[in-house]
Amino acid sequence: MDPSSKKHRKSECNQLRYGLRPIRAIRAVLTSLLFIGKVTVNGEEYSINDEFKQNVLNLSDEVEINEIEAAAIVLDSQDDPGILGRSLLECSIIRFHQHRKYVLDIIRLLIDLDREAETENGPVYDYATQYLREGVFAVKDSQRIVPRCMVAMKDVRAWIQKLNDKITAAAVLAGGQTPELAGELETVEFSRVSLIQQHELMAIIMCRAIETNLGQEDDFKSLLAELKATDKYDSLLGTFILAARGTPLWFASLLANTSK
Amino acid sequence: MAEQTTLIALQTLDRIFLSILEGRHENLDLLRDDGSVLDVFEEELKKVWTRPARSTESRNAINSGMV
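Protein chains in written order, with my numbering: chain A, 1 to 260; chain B, 1 to 67.
Okay, chain A solo, but in the shape it has when bound:
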């Protein structure tokens, strides 16, 4: 299959993803007397109530995404509170991170297949290698993969720091004791752990991109600058070293140059 010829399936895809959603919209109207208006998500019109609206805006603020995107996630999460025993907002935050983690994990699997392609032959290896290079690493009209990874990793690190501050502030408020994490803080902790995993996966992706000669000199200079500015020795620094591992020769030569 040619990975670049998939666009014609777009309408089919939307039908698959959103075909049953109007049922939910009708249910929302029937189950709520707080009906206030309509909103359009991915081409489908939905009626929303105050509670739903508030959850959407809170999710949008909490994970800093567009409000319409947030609405789609809250809509998908509506059955989760009964399963997870958490609020709709918390379930939506968890789902948001699951989306990101699965996307990155899929790329990791493609990278594993791409590595196997170095010693194995067959259509699956050809497919994985082609899709990784054309569908993931090279996105048309977009930034190159290595700087794109670096920017995303920086964003994740700042995000983790924000969550760490939140946990610290909660501990201070609790009077220096270490009570069991309240329900809401558990979701913060879930987000934090998920972000650390996302950071690792991004490092693996960047490493592979560099191994396939998609890195340029400026990328390594940026990577070195980031390493120099590091003031914490934690698991995130470890993933940085992993990313740098893809380019031992480049890295060594740059280190030699910068130490002169």
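No lab work stands behind these hints: they were computed from the structure. Just so it is clear, the structure is predicted and the values come from calculations on it, not from any experiment. Some hints here could point you the wrong way.
Using 35 Å as the maximum straight-line C-alpha spacing, the simulated DSBU-like pairs for lysine-lysine come out as follows [claimed, not checked]:
1. B:46 - A:162
2. B:47 - A:101
3. A:162 - A:228
4. A:221 - B:47
5. A:154 - B:46
6. A:162 - A:221
7. A:154 - A:166
8. A:166 - B:46
9. A:154 - A:101
10. A:166 - A:101
11. B:47 - A:228
12. A:166 - B:47
13. A:154 - B:47
14. A:101 - A:162
15. A:228 - A:101
16. A:166 - A:221
17. A:101 - B:46
18. A:162 - B:47
19. A:154 - A:228
20. A:221 - A:154
21. B:46 - A:228
22. B:46 - A:221
23. A:101 - A:221
24. A:166 - A:228
Following the hints, position chain B against chain A.
Chain B in isolation, oriented as in the chain A frame:
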């Protein structure tokens, strides 16, 4: 039938690639027959690299329901 959501599509694709990696190469046909999960993946990948920013327009749309 379970409702098809973004998460289910991503989990499906993840399982397909995992099974291929484990040696079930015939599962590549699942993507050849229906690549809609790849479309979902590609859309979500864009959002991972750049989170779609909040906007006054979207916020007003949610607040008023006037889209």
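### Message
residue 46 of chain B and residue 221 of chain A were given as a pair; does the straight-line alpha-carbon distance stay at or below 35 Å?
### Response
25 Å, holds
### Query
Within a Cα-Cα threshold of 35 Å, do residue 154 of chain A and residue 46 of chain B meet the stated pairing?
17 Å, holds
### Message
Next pair to validate is residue 101 of chain A with residue 46 of chain B; report whether the Cα-Cα distance is within 35 Å.
### Response
13 Å, holds
### Query
Would the pair residue 221 of chain A and residue 47 of chain B pass a check requiring their Cα atoms to be no farther apart than 35 Å?
This hinted pair holds, its Cα atoms lying about 26 Å apart.
### Query
Holds or violated: residue 154 of chain A with residue 101 of chain A, Cα cutoff 35 Å?
It holds: about 16 Å lies between the C-alpha atoms, which stays within 35 Å.
### Query
Regarding the pair residue 47 of chain B and residue 228 of chain A, is the alpha-carbon distance no greater than 35 Å?
29 Å, holds
### Query
Holds or violated: are the alpha carbons of residue 46 of chain B and residue 162 of chain A at most 35 Å from each other?
Holds - the C-alpha atoms of residue 162 of chain A and residue 46 of chain B are around 23 Å apart, at most 35 Å.
### Message
Does residue 47 of chain B sit within 35 Å of residue 166 of chain A, going by the straight-line distance between their CA atoms?
### Response
25 Å, holds
### Message
Holds or violated: residue 166 of chain A and residue 221 of chain A, Cα atoms, limit 35 Å.
### Response
32 Å, holds
### Task
Please work out if residue 162 of chain A and residue 47 of chain B have their alpha carbons no farther apart than 35 Å.
Judged against 35 Å, a Cα distance of about 20 Å means the pair holds.
#### Entry: Pair hint outcome, residue 101 of chain A versus residue 221 of chain A [Cα-Cα no greater than 35 Å]
28 Å, holds
### Task
Mind checking the alpha carbons of residue 46 of chain B and residue 228 of chain A for me, to see if they're no more than 35 Å apart?
Holds. Residue 46 of chain B to residue 228 of chain A sits at ~29 Å (cutoff 35 Å).
Comparing the model with each numbered hint stated earlier shows that all of them hold.
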